[in-house]
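Following the hints, complete the assembly by docking chain B onto the known chain A.
Single-letter residue listing:
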Amino acid sequence: MVTTPLSANSHGDHASHELPFGTLVGVLILLMVLMGLTIGASYITLPSIGPIPGIVINNLVAVGIATVKAALVIWFFMGVKFASALARIWVIAGFLVLFLMFGILGDYGTRKFEQVNGWETNVPHNGGETALPRVWPPEGKPSSTPEVEQGFRPR
Amino acid sequence: MAAIAHDTHEDHGALHHQFENIEQQNDSYIVGMWTFLVTEVMFFGALFLIYTLYRSMYQMDWYLAHEELDVKLGAFNTIVLLISSFTVAVAVRSAQRKERGLVLANIGITIACAFIFLIVKAFEYSAKFEHHLYPGPTFGAVPEHLNGANANYAQLFYGLYFGMTGLHALHIIVGIIVLSALFNLWWRKCDSVMKDYIPTELVGLYWHFVDLVWIFLFPLMYLMPKPH
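In the order they appear, the protein sequences are chains A and B.
The letter at position 42 of the first sequence is residue 42 when you use the numbering used here, and the numbering goes up by one with no holes.
All you need for the numbering used here is the position in the second sequence, starting with 1, plus 1000.
Just chain A, with the same shape it has in the complex:
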């Protein structure tokens, strides 16, 4: 039998790939409990911790519980518990890239710090002469004077 180290399975015995029925039931019950927890947590306004507002804590709790639920499904139901090292690397890399993709949000967070000369006619909500997108706010145009309108695209 020839196996490369990556595709070698640490649980040599084939029968060990089966999850015990009790484990599956346990995971299902845990998932239900966590669902109840996330519903309950959404109705409670959590206090802010230091500079972090309560709403952010609330959202972190909700996404945190969802992540735990997802991890349970991936680890037990999707059988990553018994998967080879190669398959595990695949799974981890996939979610790592998803996490990295959220770095794009940094663009929206930092544009207001970037000054652009010649954008002085920006409407106030766009923060003056910054690199924020030159679009009308969704409420509608703040001004109808032609010189302000110039260079903006409607939403």
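The hints are simulated quantities; they were obtained by calculation from the structure and are not laboratory data.
All C-beta atoms in this analysis are idealised placements derived from N, C-alpha and C, irrespective of residue type, glycine included.
All the pointers check out, no bait thrown in.
Quick look at which bits of chain B chain A covers, simulated, 3 or more residues with Cβ under 8 Å: (1) 1023-1031; (2) 1035-1042; (3) 1066-1078; (4) 1082-1092; (5) 1211-1221.
Just chain B now, kept in the frame of chain A:
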């Protein structure tokens, strides 16, 4: 080498000649399926990114707009999908143990759960259509259903709501087709599934992914905490 491996692993189904042994073959199938699932994660991930951006920009209006969604129906659908995920896991376990009856029963329950999910979703969608909460020129024509949210911000929310849950529903429909095909193979006692648990495992992986997306969609769409 392959011939020897084939002789000693006969009960695991056909070992194709390019693989050293059945473990390596199974591993290739599973890595291949995960490669597909990872592209799906990125596909939905981009939508979650858009959601995060606009939700952080228009917190209060999105909170008001989301109050129109029925948490009870959303929670019911979550339970339905969690159960279906469980039954698929049991079906895969039964496939490994070659218990055909249990496989058929569990795939059957899973397909039934998928239909229940879609029926509930259809009721939810039709209520939103009645209240003019679908993006378009008549959006917000019934202002009391906006709960005081700015119509344009609320339209952004409903655009993503229909986009993301609609795409998820499309995955459920594809899941029903794939599960039915698998059910048919088991029903006809085909060697491809009876002697090899991998086809059942791969369909299971797809269905768990559909459940995974809903695990994030449910709290993000239905359970927004009140901004203060």
